[in-house]
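A.B. asks: These protein sequences, in sequence, are chains A and B.
If you're matching positions, the first sequence starts at 1 in the numbering used here and goes up one per residue.
If you're matching positions, the second sequence starts at 1 in the numbering used here and goes up one per residue.
Honestly, the hints are just simulated from the structure, not real lab data.
It is possible that part of the hints are untrue.
[Unchecked claim] Taking beta-carbon pairs under 8 Å as the criterion, some of the chain B residues facing chain A (in silico):
1) 24
2) 25
3) 35
4) 38
5) 44
6) 45
[As the list claims (entries may be wrong)] From chain A, some residues computed to sit far from chain B (all C-beta separations above 10 Å):
7) 86
8) 178
9) 186
10) 199
11) 203
12) 283
13) 284
14) 295
15) 303
16) 333
17) 364
18) 413
[To be verified] Keeping only pairs whose Cα atoms sit at most 27 Å apart, straight-line, the calculated DSSO-like set for lysine-lysine is:
19) 338/A to 35/B
20) 372/A to 26/B
21) 35/B to 372/A
22) 24/B to 338/A
23) 947/B to 797/B
24) 312/A to 31/B
25) 24/B to 102/A
26) 11/A to 31/B
27) 334/A to 45/B
The structure displayed is predicted, hence computed values, not measured ones.
Beta carbons: idealized from backbone N, C-alpha and C, even for Gly.
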Amino acid sequence: MIGGLFIYNHKGEVLISRVYRDDIGRNAVDAFRVNVIHARQQVRSPVTNIARTSFFHVKRSNIWLAAVTKQNVNAAMVFEFLYKMCDVMTAYFGKISEENIKNNFVLIYELLDEILDFGYPQNSETGALKTFITQTGIKSQSKEEQSQITSQVTGQIGWRREGIKYRRNELFLDVLESVNLLMSPQGQVLSAHVSGRVVMKSYLSGMPECKFGMNDKIVIDKQGKGGGNGCQSIAIDDCTFHQCVRLSKFDAERSISFIPPDGECELMRYRTTKDIILPFRVIPLVREVGRTKLEVKVVIKSNFKPSLLAQKIEVRIPTPLNTSGVQVICMKGKAKYKASENAIVWKIKRMAGMKESQISAEIELLPTNDKKKWARPPISMNFEVPFAPSGLKVRYLKVFEPKLNYSDHDVIKWVRYIGRSGIYETRC
Amino acid sequence: MPAVSKGDGMRGLAVFISDIRNCKSKEAEIKRINKELANIRSKFKGDKALDGYSKKKYVCKLLFIFLLGHDIDFGHMEAVNLLSSNKYTEKQIGYLFISVLVNSNSDLISLINNAIKNDLSSRNPTFMNLALHCIANVGSREMAEAFAAEVPRILVAGDTMDSVKQSAALCLLRLNRTSPDLVLMGEWTARVVHLLNDQHLGVVTAATSLITTLAQKSPEDFKTSVSLAVARLSRIVSSASTDLQDYTYYFVAAPWLSVKLLRLLQCYPPPEDGAIRGRLTECLETILNKAQEPPKSKKVQHSNAKNAVLFEAISLIIHHDSEPTLLVRACNQLGQFLQHRETNLRYLALESMCTLASSEFSHEAVKTHIETVINALKSERDVSVRQRAVDLLYAMCDRSNAKQIVAEMLSYLETADYSIREEIVLKVAILAEKYAVDYTWYVDTILNLIRFAGDYVSDEVWYRVIQIVINRDEVQGYAAKTVFEALQAPACHENLVKVGGYILGEFGNLIAGDSRSSPLIQFDLLHSKFHLCSVPTRALLLSAYIKFINLFPEVKGTIQEVLRSDSQLRNADVELQQRAVEYLRLSSIASTDILATVLEEMPPFPERESSILAKLKRKKGPGNLHPDLDENRKERSANGGTADHSSTTSNAKSSPLSFVGDLLAPASTAPPTNRPRPVSSSYLLQAPLTPIPLQASAVPVLLSAGPLFQVAASPTPSTDLLGLGSTITTQNSAPPASKGTSLLVDVFSENIAAFPVETPVAVGPVADENFSSFLPNTPQVAYANATLPIAEEPEDKFVCKNNGVLYENQLLQIGLKSEFRQNLGRMYVFFGNKTSTQFMNFAASVVCQDTLQAQLNVHAKPADPTVDGGAQLQQILNIECMSDFVDAPVLNIQFRYGGTLQNVAVKLPITLNKFFQPTEMTSQDFFQRWKQLGAPQQEVQKIFKAKHSMDTEVTKAKIMGFGAALLDGVDPNPSNFVGAGVIHTKTTQVGCLLRLEPNTQAQMYRLTLRTSRDTVSQRLCDLLSEQF
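Let the sequences and hints guide you as you build the complete structure.
C.D. replies: Here's what the structure looks like:
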């Protein structure tokens, strides 16, 4: 289990140090700083083993979070915890920065006491934590309140307290996906997958029982109406659920039913690899003219319904390290050579589906005595589209609250799909 | 950046650097650098012409980026362009870039060299200096090739400025270091020496460095520098501190130059010219005197500079080693430093004293400081200083103070730092041995050593104790007693248990008389430690137990009980299990006599150099001056060296590694010394007399013989040993499988003869091999023996084997055991008295008739004149084959039995084939040689009728017993036998090939022999044909 948790600033100074187990000494703090933060070569692995001690780290802007252990722990669990820890901190004081951490160090220690016990992760649900860890000074709670908190935190449904009341019962569902692609210069897909999550924001009274349905292939096939109503089913490779989802029911009936926590929660996470809609196609053309010149032409084609608009499109074309000058011509958007990043960055604000746009650049090179050939890194792309590239559709989300008198129809539901680029690269 | 001076601006560079320094993260820094690089690239693009200033600025930025750790792959051209600028700052940046970033880039190096050449030939001293500095900084081979001739010219040219000369000297020094082969001596060398007389002290300092290095390369060329150096030194030393102005450093006149001059003088022996010598002595005395003066300044720099000169002077005094007064003065001076406040000084003083201690003149003087040094050892805070103190104690130790020093070191050992404990242990062990007048003291010391620092006592140390105890009778009893007492401590170190086990196993009987250390108590004591020990120690203890069985028959039952227990017999460790099984079997089967001979006391070890010394040297490493210096000193004072210190070096020179060292080191692959083990020969005593029953008892003996003596071998079998073991395995297991006639004993004795040293090394598996290959073979051997006809001529009987009964009548039985190696042989003749009365005036002599005298040397060692009734007498014959021979020598025996004189004459079975060495060869080789030996007189063929049944196995065994290698699969007809070997005589070696074709129907054999010598062919053919 986790033996200790340290937070460092970018210089490697320790901001927070919490040791849970005796096998982690003070020198572990220094070991991580010396071997990872100040390492001569940049450490890329998130797990570092130093003297039989494992360090798991994540970095948020300039802040390093490192979990330390001497035991053989489940690394995925540790990272899940670290990410959760980041979420909790963000929920409490906003952006994770050195300044914020310094200002809230008492709070952080309080949180660490609560969400890790002897190195074992505990309830890290922000909503639940906020009931008893507050930033607004010591609030003397009455006996009843205290006992209520205790019974809730230790009860079966630890993530939701009783007696919530809203005038308007509202519910927001966001399907957020990021699509990852690696394509060969000839347009062959080398690897592609979508990792998505369903985020739910609920403002519901009482203890509502919810049921979520989507076009999961297994469910659709089971119900025997596959494809009949124009709803393509998708194959989900793997998925994880929020702790509120009853897994036993999911295993038995493939139905997702739960009592949601109040406010925002990530209902599920999933990954698909089949039948992915690739929103953009990049066609590169690179020609070397002699030793001192390089001609690059890149065409992008949008590949979705013309009625939809893609946003925040950015194409990044890497340039050789000995570039001495660049001339760019593009029809649409703005393109610029960014010397500090060794790339031409082409930005387009909006682009409708089934369109095409191109950029051409002339790159001048400085002859060097280095015999190394340019490695030609891939052209990468960023965008945002208003649909789910995996093809996932929300079929229904039913709400039942037997005790209070509102029905499924009274709940206002909002569903939104956002597809973003993950690592979307085309080799050139 | 050193290049940026305030007036010179380069604002862009300053801005860039401050940008970098202000970067919050590494990523930001990389971004900024990428941006800057792109900017520089665009500026360096071919079409624009840059002015010198911006070129300089960008090159400077590139340099800075490179120094931050990023790769720079352009801008070299611009830097080279800067070299041809006329502005100092631009040129300087250009040179800086080149010195830092140049790689052997072929197209640029010529441009660079050209620019340097231009600068060297310019009259501007600044430019010349820049060029020289660049050459020295780069110092590559290309540079050396281009400028090795140019630089000396500049150095000695009359019109060169002082500062340039200075640079040129240092540049040449650097070139000499990187590529000494390119810096050739020439007429300039003589003029370089005269630079020592230069007006400018800077030039002199630089030149001294150069001359010192060159003088080491070719001392003859620079011999004249000695007088100049002495003159210069005396001028400096005698000058007032204000005379040298710039070169006076905190009131010390030119300390660096003085140090360098003193170093230079250390390259040469003391000057022969009396005047120079006197002047030098005067200088050294002045330096020593100055050390006594009160310091002129309280600043640490003043004393540092003064002491630097002083220590260098002392090194010179030590180096010359000729002026007793100076040496003693130096020693006293160092003695003062021993108690100095400054740690560095104490360190240096101790270090210098170490070398002083080995000088004959100052050894006594050093010894007067013994108390201080011991005190330093105890109270010093710095571990490196303590280490030096230990070194010094070791160096100053001699017979007079050995006891005190060893005692001090021992007591210090308890508190010593872990890092130096092992070294102290080795040193104590060496000193204790070297200066031991009284070996009880030695044993005490080493046992204390093990008690205080058991973990740091390496195997060599305790091997050595055992070697010494075994070799010295007088100390054995004491050792046994002391060890017994030491073992009584509740917790003792494993090394002590090892020593205890070995010594009690060997000499436990010497203290068994005392009821407090009765055999049973001894055994119980040892066995109480058994369970706390590691496997090698347990193995050793098991051997000690079996020795106990021999020493004290009364504890046999107890020990057998222990051996029989499941924890031994079924031990998971193969080695322990095997020992337990074998020892148990040995103890229950073998008679007391056999036990007594097998488990006899270890023979004395040959006297060799202590392996500890070798280890200490190894530990010190080649980097340490100490042994070298010792060696040097020894050479120079060869005639006058004191006995004490010469013993160290002579020890080191005279002897190979010790016995144990042999076993441990890969040296075990060295040719085995033919040292007969008394153990093997003495138990074989019985072998010829009772051939059949022996087999029963011989098996366990044989088996245990390997591991038994492993006691002395390394407990950690290295791969080397294992490799060696495997060769034994093949030797042992292959021949017995097919060798029918040879007795068991035969195989074993061969084994012993061939690997006298290695056999004990044989680790478990080897013995195992023996075991497995022997057991199934035993009946076959017995069978083969049984089929041997008794009616054979005695001589013929021994053609194919080496052991057996040579002669027997009602009074006397003569047994033989012999071993042969190349042209040498040794024969053990056992005279057994079958009667119950004593033989008187017993004499046996060997006679070689006429021609045989020249062909064979037989030397008989004298034997006892009496043989008791029922007893045996052993006589050893050493045989050397000079050339091939036919006759056999005769053994004449005379003795008086019951008043009558008995005379017996027996032919000794020494035949030519005994000097056969088998040769393995492939079919192709065989037939090639066969053809080469095609001359008619070289071949002898004989067709004869079989006298015995034509058994293939027996025939094979006979051919192998005959000495030739039996080559399988050479002859196309599988029923034929083919053999090859070489007969070794002192004068020649004769290659022999033989072929035996049996015809079973006709009961006939055809034997063909081809050798390079006709007489040999004939003789061998005669010998062999009689066998079938």
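A.B. asks: Are the hints correct? Go through all of them and say.
C.D. replies: To see whether the hints hold, each was checked on the structure:
| no. | hint | verdict |
| --- | --- | --- |
| 1 | 24 | holds, 6 Å |
| 2 | 25 | holds, 5 Å |
| 3 | 35 | holds, 4 Å |
| 4 | 38 | holds, 3 Å |
| 5 | 44 | holds, 6 Å |
| 6 | 45 | holds, 5 Å |
| 7 | 86 | holds, 18 Å |
| 8 | 178 | holds, 22 Å |
| 9 | 186 | holds, 31 Å |
| 10 | 199 | holds, 30 Å |
| 11 | 203 | holds, 40 Å |
| 12 | 283 | holds, 27 Å |
| 13 | 284 | holds, 22 Å |
| 14 | 295 | holds, 17 Å |
| 15 | 303 | holds, 33 Å |
| 16 | 333 | holds, 22 Å |
| 17 | 364 | violated, 7 Å |
| 18 | 413 | holds, 42 Å |
| 19 | 338/A to 35/B | holds, 8 Å |
| 20 | 372/A to 26/B | holds, 25 Å |
| 21 | 35/B to 372/A | holds, 21 Å |
| 22 | 24/B to 338/A | holds, 20 Å |
| 23 | 947/B to 797/B | holds, 14 Å |
| 24 | 312/A to 31/B | holds, 23 Å |
| 25 | 24/B to 102/A | holds, 18 Å |
| 26 | 11/A to 31/B | holds, 18 Å |
| 27 | 334/A to 45/B | holds, 26 Å |
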